[in-house]
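K.L.:
Please take these sequences and the hints and turn them into a complete structure.
Same order as they appear, the protein sequences are chains F and H.
Counting in the working numbering, the first sequence runs from 1 upward without gaps.
Counting in the working numbering, the second sequence runs from 1 upward without gaps.
Derived by calculation from the structure, the hints in this document are not laboratory data.
Please read these numbers as outputs of a predicted model, since none were measured by experiment.
Do not rely on the hints blindly, as some may be mistaken.
What the hints assert, rightly or not - Sample of chain F residues with no beta-carbon within 12 Å of chain H, all distances over it, derived:
1) Y52
2) K56
3) L87
4) E128
5) L175
6) S221
7) P286
8) Q314
Unchecked claim - No more than 25 Å apart at the CA atoms, straight line, and that leaves these computed lysine to any residue pairs for SDA-like:
9) H:K176 with F:E195
10) H:K171 with F:A125
11) F:K124 with H:G170
12) H:K176 with F:P181
13) F:K171 with H:S99
14) H:K176 with F:L158
15) F:K143 with F:P212
16) H:K171 with F:G97
17) F:K171 with H:V126
18) F:K124 with H:R168
Cβ coordinates follow ideal geometry from the N, Cα and C atoms, glycine included.
There are 2 protein chains.
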Amino acid sequence: MASPSALLWVPPRGPPSLSPSGCVHRGMPGRLGPPSQAGLEGRWVPPGEEGYRLLKEYSSAFMVSQVLFAACELGVFDLLAEAPEALGSAAVAARLGVSSRGTELLLDACVSLKLLQVEVRREKAVYESTELASTYLARASPKSQRDMLLYTARTTYLCWGHLAAAVRDGKNQYLKAFGVPSEELFTAIYRSQGERPQAVRGLQDEWRLGGPRVVAALDPSPFPCVCDLGGGSGALAKACMSLYPGSQVTVFDIPDVVQMAKRHFSFPEDERISFCEGDFFKDRLPEPDLCILARALHDWTGEKCSHLLGRTYQACKTGALPGSYSVCITLSVCGVLHLEPCS
Amino acid sequence: MASPSALLWVPPRGPPSLSPSGCVHRGMPGRLGPPSQAGLEGRWVPPGEEGYRLLKEYSSAFMVSQVLFAACELGVFDLLAEAPEALGSAAVAARLGVSSRGTELLLDACVSLKLLQVEVRREKAVYESTELASTYLARASPKSQRDMLLYTARTTYLCWGHLAAAVRDGKNQYLKAFGVPSEELFTAIYRSQGERPQAVRGLQDEWRLGGPRVVAALDPSPFPCVCDLGGGSGALAKACMSLYPGSQVTVFDIPDVVQMAKRHFSFPEDERISFCEGDFFKDRLPEPDLCILARALHDWTGEKCSHLLGRTYQACKTGALPGSYSVCITLSVCGVLHLEPCS
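P.N.:
Structural data, given as structure tokens:
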């Protein structure tokens, strides 16, 4: 009755004379790149077998993601960001209403990932956020990525659990993961009233951080009239506005998303942001000088993308100012950029 | 209609004049530690924001695990290990009977993780295993870890999807993951006739590699009579035998596991390995000079562990040779060692 269950190794907390940080952080200082040096450092690896070490990192990498996701979901980083001083694990467990042993293990795993730091005061370990956590994980931080992480934990992690089947079938696995047919992608992503704003807030997290940089790199200033196809809550439109106050941006999305965006997200500068409801595969598109398709094409088959790009091309061509030119910009999830002059 | 789905970025294959390896491998040579430099290197990260880069690595780390798991499950490494020459993605897809587009993406992701290598021959990309894959991932390799990876993919990955709930409740989540009550741990691990040998083969993968080193480090030679409690298929017992031919090892496990071990796994040297069926929490234990509890305690609550260690202590004490001493050795999943002299 032995089990193969593998766990992130969190070394037992040493006596006060043995610094907990000396015990938990054993990676080479200054060398980034966990999980190699962080959560998995304590695993037993035969000397000289670097390939085996790499394999162990890969096969346990999902545990690193889950430590991050669980600590976000339980509110660890919010609690520690708001607490006036470092807290012991029992206090964290009590305030979050979760198990004390589980909390102790989770906090130590977070320390090993450099999300928390620990020190011993009066023979008791107390925890506080690292700068990484207070900047990107606490809900109240302007750079918080918490909603994107929760979305990734609740949707993406489950879908990726079926990667072998996805490769076998050549299509997504929303049916296996959520019981929703694979053609109805957004029925899965927006599968409940609760999930929909979660997904949109997740996108906002990313655009809030990266949007201004992406927009500045693109420089849409020669194009007074911009359309963000599938623009969700208008997060990229906001970034456009803030850098180029002369722009007019139309956010085009399905009616449900537009209604939710108006309900949940405010647009103080909204004179220059307008919404248009429709299905970009079949309804009439706006006719702007510049179309943006950001993080949209990766959702669809090649055939559907060709159809959509053809429609976008026509819309830009029709909308182009006389003597000017129009452009369709597609942004993939990883920032790869395609610029297609349309006229 | 944009989606937050994040994907491992596999850069598009360049023209033949642009070496694919130059395109795919962009990490710093000689610096191990993906995913930082491998699967995730192409993600867009604001310059200077190392914390953000780390966060992206953590939040996407599960994708790295899944690329490895999916390629193992589909037989990519077995096919390439057996093929007389490097194969194109279409040939791999055809021989495995899986989608061609999915295969192309999976193979390129494996290249970025250094599991495969690619080169362009006659304007066509062809793939072959790296040494890492042929050593540890091909089914026929004596060091193969394939079964352990498949077990991790099918059981551990799913359980860890409920980590937040596990911390909240302070107990495992087999009920949510598999519909099996959390007290019946091994009903979940051995939840079908197919899963049981899979789990045991997974343990064998690890012991085959690490067992001889662990046994050599322990040096059980002063203890002629050894009992491996929860010893499953006898993999650690075999390692013991091969190093210390004078030993007698009794493998103690539940009847189902013992029956399966006898059915599935051979013991050519079995004169000195015997099996004993029982429940180590309540049935009479053997009375050896040395008890080993390897990868067993992490499965149980502190209370159950105390009970089990008490029983083990008594068994060793009874079994000790006059004038000698007995020892209970517990090995955790990460190789941490506790030696408890029992008499």
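K.L.:
Compare the structure with each hint and give your call.
P.N.:
Against the structure, the hints:
1. Y52: At about 6 Å from chain H, F:Y52 fails to clear the 12 Å cut-off, so the statement is violated.
2. K56: Violated, since 9 Å does not exceed 12 Å.
3. L87: holds, 16 Å
4. E128: holds, 16 Å
5. L175: Holds: least Cβ distance 16 Å, greater than 12 Å.
6. S221: The claim stands: F:S221 keeps its Cβ more than 12 Å from every Cβ of chain H (closest is about 21 Å).
7. P286: The claim holds: F:P286 sits with its nearest Cβ about 15 Å from chain H, beyond 12 Å.
8. Q314: holds, 19 Å
9. H:K176 with F:E195: At roughly 20 Å apart (the allowed maximum being 25 Å), F:E195 and H:K176 satisfy the hint.
10. H:K171 with F:A125: holds, 23 Å
11. F:K124 with H:G170: holds, 21 Å
12. H:K176 with F:P181: holds, 23 Å
13. F:K171 with H:S99: holds, 9 Å
14. H:K176 with F:L158: holds, 13 Å
15. F:K143 with F:P212: holds, 13 Å
16. H:K171 with F:G97: Roughly 14 Å separates the two Cα atoms, so the pair holds.
17. F:K171 with H:V126: holds, 24 Å
18. F:K124 with H:R168: holds, 22 Å
Comparing the model with each numbered hint stated earlier shows that hints 1 and 2 do not hold.
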